[in-house]
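*Asks:* Residue numbers (this note's numbering), protein chains in the order written: chain A, 263 to 613; chain B, 18 to 612.
Since the hints were derived computationally from the structure, they do not count as laboratory data. Yeah, the Cβ is synthetic: ideal placement off N, Cα and C, and Gly gets one too. Hints may contain errors.
Under the rule of at most 16 Å between Cα atoms (straight-line distance), these lysine to aspartate or glutamate pairs were calculated in the EDC-like manner [unchecked claim]:
id, chain 1, residue 1, chain 2, residue 2
1, A, K270, B, E502
2, A, K278, A, E318
3, A, K278, A, D314
4, B, K549, A, D275
5, A, K268, B, E466
6, A, K268, B, E467
7, A, K418, A, D430
8, B, K516, A, D494
9, B, K485, B, D175
10, B, K202, B, D381
11, B, K516, B, D563
12, B, K566, A, E498
13, B, K549, A, E456
14, B, K123, B, E150
15, A, K268, B, D461
16, B, K19, B, E542
17, B, K93, A, D275
18, B, K566, A, D494
19, B, K256, B, E357
20, A, K270, B, E467
21, A, K270, B, E466
22, B, K317, B, E357
23, A, K270, B, E468
24, B, K549, A, D314
25, B, K566, A, D454
26, B, K549, A, D454
DEER-style ranges, computed between Cβ atoms [stated by the list, open to error]:
id, chain 1, residue 1, chain 2, residue 2, range
27, A, T276, B, K341, 29 to 39 Å
28, A, L272, B, F382, 46 to 56 Å
29, B, A233, A, T276, 50 to 60 Å
30, A, L272, B, E337, 30 to 40 Å
31, B, K341, A, L281, 39 to 49 Å
32, B, L346, A, L272, 35 to 45 Å
33, B, W298, A, P511, 27 to 37 Å
34, B, K566, A, R526, 29 to 39 Å
35, B, E608, A, G282, 53 to 63 Å
36, B, A336, A, G282, 58 to 68 Å
37, A, G282, B, I486, 42 to 52 Å
38, B, T567, A, T276, 39 to 49 Å
39, B, A336, A, L272, 32 to 42 Å
40, B, E368, A, T276, 43 to 53 Å
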Amino acid sequence: MTYLSKPKLLRPDTPKNALGYTRRDYEGAISTLCAGCGHDSISAAIVQACFDLDIEPHKVAKLSGIGCSSKTPDYFLGNSHGFNSVHGRMPSVLTGAALANRDLIYLGVSGDGDSASIGIGQFAHAMRRGVNMTYIVENNGVYGLTKGQFSATTDKGSKSKRGVVNNDSPIDLVALALQLGASYVARSFSGDKEQLIPLIKGALHHRGPAFIDVISPCVTFNNHPGSTKSYDYVREHNEAVNRLDVILPRDPIGASYAPGSLRRIVQHDGSVLHLRKLGEDYDPSDRIGAMNHIQERHALGEIVTGLLFVDASAEDLHRHLNTVGKPLNQLRDAYLCPGSKALEALNASLR
Amino acid sequence: MKPTNIGAPDYFHKVVDCQWACPAHTPVPEYIRLVAAGRYSDAYMINWESNVFPGILGRVCDRPCEPACRRGRVDKEPVAICRLKRVAADLKEDIRPLLPKVPSRKNGRRIACVGAGPASLTVARDLAVLGYEVTVFDNGNSAGGMMRSQIPKFRLPDKVIDEECAYIIGLGVETRFNHWVGSLKETLAEGWDAVFVGTGAPRGRDAEIPGRQEAAAHIHVGIDWLSKVAFGHVSGISKRVIVLGGGNTAMDCCRSARRLGGEDVKVVVRSGYDEMKASPWEKEDAVHEGIPILNFLVPKAFVHQQDKLTGVLFQKVHAEYDAKGRRSLLPTGEPDVLMECEEVLVAIGQENTFPWIERDIGVDFDKWGMPVLNPVTLQSTLPKVFFGGDSALGPKNIITAVAQGHDAAISIDLFCKGRDLKQRLPPMTNLVSQKMGIHEWSYDNQVSEEERKKVPTKALASALKDIKIELELGFDPRLACAEAERCLNCDIETVFTAKTCIECDACVDICPTECISFTSNGEEEDLRGRLKAPAANRDQALYVADGLKTGRVMVKDENVCLHCGMCAERCPTGAWDMQKFLLKLAHAGAEVRRT
Numbered sequence: 263m264t265y266l267s268k269p270k271l272l273r274p275d276t277p278k279n280a281l282g283y284t285r286r287d288y289e290g291a292i293s294t295l296c297a298g299c300g301h302d303s304i305s306a307a308i309v310q311a312c313f314d315l316d317i318e319p320h321k322v323a324k325l326s327g328i329g330c331s332s333k334t335p336d337y338f339l340g341n342s343h344g345f346n347s348v349h350g351r352m353p354s355v356l357t358g359a360a361l362a363n364r365d366l367i368y369l370g371v372s373g374d375g376d377s378a379s380i381g382i383g384q385f386a387h388a389m390r391r392g393v394n395m396t397y398i399v400e401n402n403g404v405y406g407l408t409k410g411q412f413s414a415t416t417d418k419g420s421k422s423k424r425g426v427v428n429n430d431s432p433i434d435l436v437a438l439a440l441q442l443g444a445s446y447v448a449r450s451f452s453g454d455k456e457q458l459i460p461l462i463k464g465a466l467h468h469r470g471p472a473f474i475d476v477i478s479p480c481v482t483f484n485n486h487p488g489s490t491k492s493y494d495y496v497r498e499h500n501e502a503v504n505r506l507d508v509i510l511p512r513d514p515i516g517a518s519y520a521p522g523s524l525r526r527i528v529q530h531d532g533s534v535l536h537l538r539k540l541g542e543d544y545d546p547s548d549r550i551g552a553m554n555h556i557q558e559r560h561a562l563g564e565i566v567t568g569l570l571f572v573d574a575s576a577e578d579l580h581r582h583l584n585t586v587g588k589p590l591n592q593l594r595d596a597y598l599c600p601g602s603k604a605l606e607a608l609n610a611s612l613r
Numbered sequence: 018m019k020p021t022n023i024g025a026p027d028y029f030h031k032v033v034d035c036q037w038a039c040p041a042h043t044p045v046p047e048y049i050r051l052v053a054a055g056r057y058s059d060a061y062m063i064n065w066e067s068n069v070f071p072g073i074l075g076r077v078c079d080r081p082c083e084p085a086c087r088r089g090r091v092d093k094e095p096v097a098i099c100r101l102k103r104v105a106a107d108l109k110e111d112i113r114p115l116l117p118k119v120p121s122r123k124n125g126r127r128i129a130c131v132g133a134g135p136a137s138l139t140v141a142r143d144l145a146v147l148g149y150e151v152t153v154f155d156n157g158n159s160a161g162g163m164m165r166s167q168i169p170k171f172r173l174p175d176k177v178i179d180e181e182c183a184y185i186i187g188l189g190v191e192t193r194f195n196h197w198v199g200s201l202k203e204t205l206a207e208g209w210d211a212v213f214v215g216t217g218a219p220r221g222r223d224a225e226i227p228g229r230q231e232a233a234a235h236i237h238v239g240i241d242w243l244s245k246v247a248f249g250h251v252s253g254i255s256k257r258v259i260v261l262g263g264g265n266t267a268m269d270c271c272r273s274a275r276r277l278g279g280e281d282v283k284v285v286v287r288s289g290y291d292e293m294k295a296s297p298w299e300k301e302d303a304v305h306e307g308i309p310i311l312n313f314l315v316p317k318a319f320v321h322q323q324d325k326l327t328g329v330l331f332q333k334v335h336a337e338y339d340a341k342g343r344r345s346l347l348p349t350g351e352p353d354v355l356m357e358c359e360e361v362l363v364a365i366g367q368e369n370t371f372p373w374i375e376r377d378i379g380v381d382f383d384k385w386g387m388p389v390l391n392p393v394t395l396q397s398t399l400p401k402v403f404f405g406g407d408s409a410l411g412p413k414n415i416i417t418a419v420a421q422g423h424d425a426a427i428s429i430d431l432f433c434k435g436r437d438l439k440q441r442l443p444p445m446t447n448l449v450s451q452k453m454g455i456h457e458w459s460y461d462n463q464v465s466e467e468e469r470k471k472v473p474t475k476a477l478a479s480a481l482k483d484i485k486i487e488l489e490l491g492f493d494p495r496l497a498c499a500e501a502e503r504c505l506n507c508d509i510e511t512v513f514t515a516k517t518c519i520e521c522d523a524c525v526d527i528c529p530t531e532c533i534s535f536t537s538n539g540e541e542e543d544l545r546g547r548l549k550a551p552a553a554n555r556d557q558a559l560y561v562a563d564g565l566k567t568g569r570v571m572v573k574d575e576n577v578c579l580h581c582g583m584c585a586e587r588c589p590t591g592a593w594d595m596q597k598f599l600l601k602l603a604h605a606g607a608e609v610r611r612t
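Extracted from the complex, chain A is given alone in its bound form (with noise of 0.2 Å):
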């Protein structure tokens, strides 16, 4: 952590984005995390993908819930609207939000203790309802605020700090999210932003439930051998499936690609997610395959990362509960209140 503000000066040559806002401009307060924690850099990724889709920042709302990671939306998007909720809770305050004003991109920030432990429910749920949002656990596997106790998603056999052996099974929040419904699934790791700021720009623009776990190095507790959370272990076992690129309806043709290696996907607002392949054939829109693939590389003890499932055509909680298309502080007393005439005709219509 560091007392002091970032400078303002900037360098001449700042690029501005179509808002005429620069990078820094979706910047937040100054990270008081440790120095060197995986979650500053996965801040950073989301003002780089906030920065580059020319999203204004009034109309992020961005929620989280209790955790090292839960702070994190103090230190990027300083413009944006922001709730910081009850440990767990974030998905349930961020459904609500949602219902109240469909208008907003909700942006939903968690930890593996806040997602995978007391939230595990709330996480559930919002997966399976299709809430319209994208939801970022920092995946550090442990319990840094209190001092590094193991959490949900440590692995089995992972050695904490002190060399105990954690002999839990661990929750592994990708498969959760495959099979509770998500329709945009991936996972990262806040080492390698290349491949992260993309995927968090594809699930900002994918309706739907979009889920990214980004395994975030906690250096200060889980950053040693026998730990398989620290920078080290996961550079040696990524296996990424592929890479993305997202191109928004305006931006201009670019690269071609060899046939067969590239498969263009189209989501519901025009974007396209171009998916590189790397390595063997791996299909992003098999949700059984998916899950066989994670857990067969997770038996050899490889992290598969990249975006692992995507459904363009997914349907979210407003199409299922159709929900009203205006903000509710937008509607009118006559038309939240249309009167006895309306009212009769109802009850009538109920008989």
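Position chain B against the provided structure of chain A, taking the given hints into account.
*Replies:* For chain B alone, kept in the frame of chain A given last:
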């Protein structure tokens, strides 16, 4: 790219742009921090060691450091380095106890310095403290040379020159003022162990156009006129004056004319405004005093009635550039312009002249009449004769003269000891961590966001009344501190140790100017293009370090690094450290420990 060798003195020296740009390589950030801390005497002594005339240079230096200042690349204006030097000189206490002690036993070598300008005085200072017996000759009645005769008193008062020359003469330097050296041959016959020539560029170029002879009484060569003004031989001028020329001398002429009674003073220049040789701040000062600068006008004739000057006729021109970028000034074809005036000051350049050096004594001159010198040792073809300042490699400025004085002093010292003049000592460098504790650095790493402070001046109306009144008042301690805080401390270097880096990206994420990248290695061209922010400024180095676990390299673009230390603060393993780089040139006798 090959990993950067940060042990080579030049690498970090270049990062300190101001020090690198200074001909005398003054450790600028070091003294600016002392100014901020209120340690003015210490700040003065750092300057005095490097550039000998802090009070003078703090007022009239050509400031090559300021255009080079890194702050100028990330902010509107650079740090006011020059005026902070003046602060050290203005606010210091008595520094005489801090001056070096002169050995009581001389070494028996006698050195003659011809001319008492900045180059000669630097040679005298550097050698006197080593035990040499130095004698300075000048035809004037006091030391200072062109600093005293050319620079108007409203920019540089005599008392500042007196004080700083006295420090040198006080080191036991003998002076022979009012002494015109008329023959180098005769001087050499006096048995000096070495002779240093620091006679400047004393001849002003004239405008050889029709009417020059006829109206001669009203047309003056700029530097001659300035020196007459400086010594009180001229105390007035006509109401309407035209100054020809676009250099700093022209600016001094017009501003002096304005103070001596010139009401309608104009500067007329052949070239465009931006191509003028004068420093931007000197042009601004002239304009501020109500003096118009008219460009793209070539003088064609002095118009006169009998011997009375009535005006100057100018041809209108425009600039055209050929394929190689060379400029030529071509007539626009518009009618010539007549500007009325009663007097003209010609400030279109200075020339060297050595009428007192016989051509048959072994000192060779080239076809332009300049002495043939070794550019490093400044030794002439006659081994015991050395040159420095404007008289060596052509007219430049005071700080260059000082730098050449240091170089010549080294040469003279080596020459007198019978050593090889090319075996010169490298600079002294030092690199020390500035970490004091968690988030604690020995320098103020918070980057000031304040704008450049303006130097307070006397009210213009009263300043224009007396040519001896110094216009600028100098910064007060509060302004000086605020301005000093704008310095980015470029000498506090970012030093990277790959061995301890865990590649967590914390430095990449925090860097406010996106200087740091971790990427696969490549050729410089390729690498410059694919950094986090492209490194387009090729004058600025890339700092490359290998030895990382992933096989990538750390590349830092030095160009706009704010030296804020955020990378080091956010580094969990101390792979980044902020270390102070201090470089001091080895002056004459640096190999001997002084007592």
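*Asks:* Now tell me, hint by hint, if it's right for this structure.
*Replies:* Hints versus structure:
Pair hint K270(A) plus E502(B) holds up; C-alpha atoms about 15 Å apart against a cutoff of 16 Å. Note on K278(A) and E318(A): the hinted pairing holds, with a Cα-Cα distance of about 13 Å set against a maximum of 16 Å. The straight-line distance between the Cα atoms of K278(A) and D314(A) is roughly 9 Å, inside the 16 Å bound, and the hint therefore holds. Annotation: proposed proximity of K549(B) to D275(A) holds, straight-line Cα distance about 12 Å (limit 16 Å).
Of the pairs offered as hints, the one joining K268(A) and E466(B) holds, with about 11 Å between alpha carbons and a cut-off of 16 Å not exceeded. For the hint pairing K268(A) with E467(B), the CA-to-CA distance comes to about 15 Å; that is within 16 Å, so the pair holds. With a C-alpha separation of about 6 Å, the suggested pair K418(A) and D430(A) falls inside the 16 Å cut-off, and the hint holds. With a CA separation close to 14 Å, the supplied pair K516(B) and D494(A) stays within the 16 Å bound.
With a C-alpha separation of about 9 Å, the suggested pair K485(B) and D175(B) falls inside the 16 Å cut-off, and the hint holds. Note on K202(B) and D381(B): the hinted pairing holds, with a Cα-Cα distance of about 14 Å set against a maximum of 16 Å. Proposed proximity of K516(B) and D563(B) is supported: the alpha carbons are some 9 Å apart, at most 16 Å. At roughly 11 Å between alpha-carbon atoms, K566(B) and E498(A) fall within 16 Å of each other, so this suggested pair holds.
Distance hint between K549(B) and E456(A) is fulfilled; the C-alpha atoms sit about 11 Å from each other, no more than 16 Å. Between K123(B) and E150(B), the direct Cα distance comes to roughly 7 Å. Compliance with the 16 Å bound is thereby established for this hinted pair. Among the hinted pairs, K268(A) with D461(B) is consistent with the structure: their alpha-carbon atoms are about 14 Å apart, no more than 16 Å. With a C-alpha separation of about 13 Å, the suggested pairing of K19(B) with E542(B) holds against the 16 Å cut-off.
Note on K93(B) and D275(A): the hinted pairing holds, with a Cα-Cα distance of about 14 Å set against a maximum of 16 Å. Between K566(B) and D494(A) the CA atoms are separated by roughly 8 Å; this keeps the pair inside 16 Å, and the hint holds. This hinted pair checks out: K256(B) and E357(B) have alpha carbons roughly 11 Å apart, not beyond 16 Å. Of the pairs offered as hints, the one joining K270(A) and E467(B) holds, with about 11 Å between alpha carbons and a cut-off of 16 Å not exceeded.
Between K270(A) and E466(B), the direct Cα distance comes to roughly 7 Å. Compliance with the 16 Å bound is thereby established for this hinted pair. Of the pairs offered as hints, the one joining K317(B) and E357(B) holds, with about 14 Å between alpha carbons and a cut-off of 16 Å not exceeded. Among the hinted pairs, K270(A) with E468(B) is consistent with the structure: their alpha-carbon atoms are about 13 Å apart, no more than 16 Å. Our distance criterion of 16 Å between C-alpha atoms is met by K549(B) and D314(A), whose separation comes to about 14 Å.
With a C-alpha separation of about 14 Å, the suggested pairing of K566(B) with D454(A) holds against the 16 Å cut-off. Between the alpha carbons of K549(B) and D454(A) the distance comes to roughly 14 Å, so the proposed pair stays at or under 16 Å and holds. At roughly 34 Å, the beta-carbon separation of T276(A) and K341(B) lies within the given 29 to 39 Å, and the hint holds. For L272(A) and F382(B), the Cβ-Cβ distance of about 53 Å falls inside the hinted range of 46 to 56 Å, so the restraint holds.
For A233(B) paired with T276(A), a C-beta distance near 58 Å keeps the hint of 50 to 60 Å intact. In this structure the hint that L272(A) and E337(B) lie 30 to 40 Å apart at CB holds, the actual value being about 37 Å. Taken as a hint, the range 39 to 49 Å holds for the pair K341(B) and L281(A), whose Cβ atoms sit roughly 43 Å apart. With their beta carbons about 39 Å apart, L346(B) and L272(A) fall inside the hinted range of 35 to 45 Å.
For W298(B) and P511(A), the hinted distance range of 27 to 37 Å is not satisfied, since their beta carbons lie about 52 Å from each other. Checking the proposed 29 to 39 Å range against K566(B) and R526(A) shows it holds: the Cβ atoms sit about 35 Å from each other. A C-beta distance of roughly 59 Å is found between E608(B) and G282(A), which places it inside the suggested range of 53 to 63 Å. A336(B) and G282(A) have their C-beta atoms about 36 Å apart, which leaves the hinted 58 to 68 Å range violated.
Under the hint 42 to 52 Å, the C-beta atoms of G282(A) and I486(B), about 49 Å apart, fit the expected range. Checked against the hint of 39 to 49 Å, the C-beta distance between T567(B) and T276(A) comes to roughly 28 Å, which is inconsistent with it. Between A336(B) and L272(A) the beta carbon distance is about 34 Å. The supplied range of 32 to 42 Å therefore holds. Distance hint check: the CB atoms of E368(B) and T276(A) are about 47 Å apart, consistent with the given range 43 to 53 Å.
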